[in-house]
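**Student:** Read off the chains here:
Protein chains: 2
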Amino acid sequence: MLQPDYKIFEMNKRLQQRTDDSDNLWWDAFANEFFDDEAQLTLTFCLEDGPKRYTVGRTLIPRFFRSIFEGGVTELHWELRHAKDSFHQNTVSLDCDQATMVTQHGKPMFTKVYTEGRLIVEFNFDDLLRIRSWHFAIRNHRELIPRSVIAMQEPGMVETLSKNITRQGLTATTLNYLRVSNEVSSRIEPLSEGVDPDTLPLPGAQTLTGQNMSQQQQMDNLDFGSEPFQFQ
Amino acid sequence: MLQPDYKIFEMNKRLQQRTDDSDNLWWDAFANEFFDDEAQLTLTFCLEDGPKRYTVGRTLIPRFFRSIFEGGVTELHWELRHAKDSFHQNTVSLDCDQATMVTQHGKPMFTKVYTEGRLIVEFNFDDLLRIRSWHFAIRNHRELIPRSVIAMQEPGMVETLSKNITRQGLTATTLNYLRVSNEVSSRIEPLSEGVDPDTLPLPGAQTLTGQNMSQQQQMDNLDFGSEPFQFQ
Chain A
51 MLQPDYKIFE MNKRLQQRTD DSDNLWWDAF ANEFFDDEAQ LTLTFCLEDG PKRYTVGRTL
111 IPRFFRSIFE GGVTELHWEL RHAKDSFHQN TVSLDCDQAT MVTQHGKPMF TKVYTEGRLI
171 VEFNFDDLLR IRSWHFAIRN HRELIPRSVI AMQEPGMVET LSKNITRQGL TATTLNYLRV
231 SNEVSSRIEP LSEGVDPDTL PLPGAQTLTG QNMSQQQQMD NLDFGSEPFQ FQ
Chain B
51 MLQPDYKIFE MNKRLQQRTD DSDNLWWDAF ANEFFDDEAQ LTLTFCLEDG PKRYTVGRTL
111 IPRFFRSIFE GGVTELHWEL RHAKDSFHQN TVSLDCDQAT MVTQHGKPMF TKVYTEGRLI
171 VEFNFDDLLR IRSWHFAIRN HRELIPRSVI AMQEPGMVET LSKNITRQGL TATTLNYLRV
231 SNEVSSRIEP LSEGVDPDTL PLPGAQTLTG QNMSQQQQMD NLDFGSEPFQ FQ
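Going down the list, the sequences are from chains A and B. Positions in the first sequence are counted from 1; adding 50 to them yields the numbering used here. Positions in the second sequence are counted from 1; adding 50 to them yields the numbering used here.
Careful, some of the hints might be misleading.
Identical chains blur together in the list; that is why a pair holds if it fits in one copy or across any two.
[What the hints assert, rightly or not] Mimicking BS3-like on lysine-lysine, the simulated pairs with C-alpha atoms at most 25 Å apart in a straight line are:
id, residue 1, residue 2
1, LYS162, LYS213
2, LYS57, LYS134
3, LYS162, LYS63
4, LYS102, LYS213
5, LYS157, LYS213
6, LYS63, LYS134
7, LYS102, LYS162
8, LYS157, LYS63
Hints are computed from structural coordinates only; laboratory data are not their basis.
With these hints in hand, go ahead and build the complete structure from the sequences.
**Tutor:** Structure, rendered in structure tokens:
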């Protein structure tokens, strides 16, 4: 019987195998390997306008992961410190108060983003150890840049260098995806369980550039129809 | 039968359990858990004055690891990408051309150091999978600092911020330890196998601050007797 944290280690290894050619089939296989058919993935965090909670249903999980890379991330893995396991009748759960989602971004310059929080994962208690629920409660994030770029700075560079490229560790693409999939799930899922997630309209990433908009304004700005979001 | 990379994952977990109270006994237990009694650890890298190759024998391995933390590191782990295993009659070897030693430093400011290179590890082919040889050939390193410190900069800060705190990812303390243990091993080990590594005199870290000294000058500056190196 493998430990739950070994399953996260395996997920990290699988994510290393992603390439720019990894298509929807690849992400479906990824989600199928690690997530149960009924799995849910929840993210909670605070933005300027208050706390957020987004839950992604099983059909949308592959595209949630894909949205991370579409947002400019080139590498993704989780680091767990002092994770605790607990065993129940049908499930095993992992509770890690010092979990970090580590992403690497290539543009506009090399950046590592450390998103810290509490990760609670519930696995099926069987040989596959597939995930039934994934809840990442983000506390804070830290963006790190190479020391060497500081010496190269020109007038105006300080401002560019000091500007974060994520909000709470999440790119605009992923934040939009969470908003829209949440919205679409609550509107469509009760009507049609078999909806194909690849046909869902998604907004362009540029709709989330205004960091001080109210939530209502942001929702108004989301484009649900005219410009389908393309994963290329 | 576990994979060799899982053993590195376990070593990373054990290193997380280190605290400021971890003494020589803790490090001996660490080395004993992961390294064979005949193990050797080799580091190769280039400094300003040419290529270096240091080999640490089994008795000195615990203090080699300890020297990393004594040099100001607060966390240490290895990240392996696309590691390849090969199985032989009595050994299993892991060859990873994209290995990274990740260290976190708290002073003079929060810094993550990514030391990249090729890691070749040979394990005993049995249940314990203890390491017989560890060879890390360092190619380059990258020091990352929080984006947020850039905005706070005052006159003169640019120079402080842009100065590396390691050479090829290694602190002055670890570089000194490698030099002295290499020197001591070649002088003492043929005479006395049972030498207690804790009695070895080691130089203070400050002897390595001159980055442009020649190797001869650096060797001349090493203090082998009057000021024993203290791990406290």
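**Student:** What are the numbers of the hints that this structure violates, sorted from low to high?
**Tutor:** No numbers; nothing is violated.
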